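Visitor: Sequence:
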Amino acid sequence: MQQIPAELKIWLYASGSLTQQLTDLAGGKFSVQPVKEHFQRLNFIDAKWMGMSHQHTSWVRESYLYGCEEQPWVKAKSIFPILSLQAKARLFQHIGKKPIGLFLFQRTNPRCQRRVILLDDGWTRQSCYTWRGCKFIVQETFLPEFMQFLAKQKTEKQYS
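109 is the number that this note's numbering gives to position 119 of the sequence shown; each next residue is one higher, with no gaps.
Quick caveat, the hints were computed from the structure, so don't treat them as lab data. Given the structure is predicted, the values throughout are model-derived calculations rather than measurements.
Restraint-style ranges between C-beta atoms, simulated for each label pair:
(1) Ala(-4) / Gln45: 40 to 46 Å
(2) Gln143 / Gly41: 36 to 42 Å
(3) Thr47 / Arg105: 20 to 26 Å
(4) Leu81 / Gln(-8): 36 to 42 Å
(5) Gly86 / Ile(-6): 28 to 34 Å
(6) Ala77 / Ile35: 20 to 26 Å
No residue lacks a Cβ here, since even glycine has one placed at the ideal position from N, Cα and C.
Work the whole structure out from these sequences, hints included.
Guide: Written out as structure tokens, the structure is:
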């Protein structure tokens, strides 16, 4: 099994808003570029994790998160079961280019279960949030460009 790079470990297991953490790292710059929004059935693993039937349909938002560089740092995928969209989480369906973290962590500290896996695109953290009675999954894959930025930052600190 492949080892998690040390400099990425803190990002994969950090609590709180990734939006805020990336904004801080990028000197105040952060943007979201939605790529695809669609409906699909929950897969068996995600359904089991959320304690739902895999027959449930979910609304999925896929996007890229950018810091202070032209290339995206994170590939994000959010999975909202229809039951959550019929409750308070329906606001997430209409946020456009705004980050989910802007709403998720606003005056709340949602319960979070986390798992870390290695996907084809890179190391990924999957978070199952319980927010205002709604359950949903936010998946964040840290792309090679993010790793390169971290390495560059580390080198610059060593020589400054």
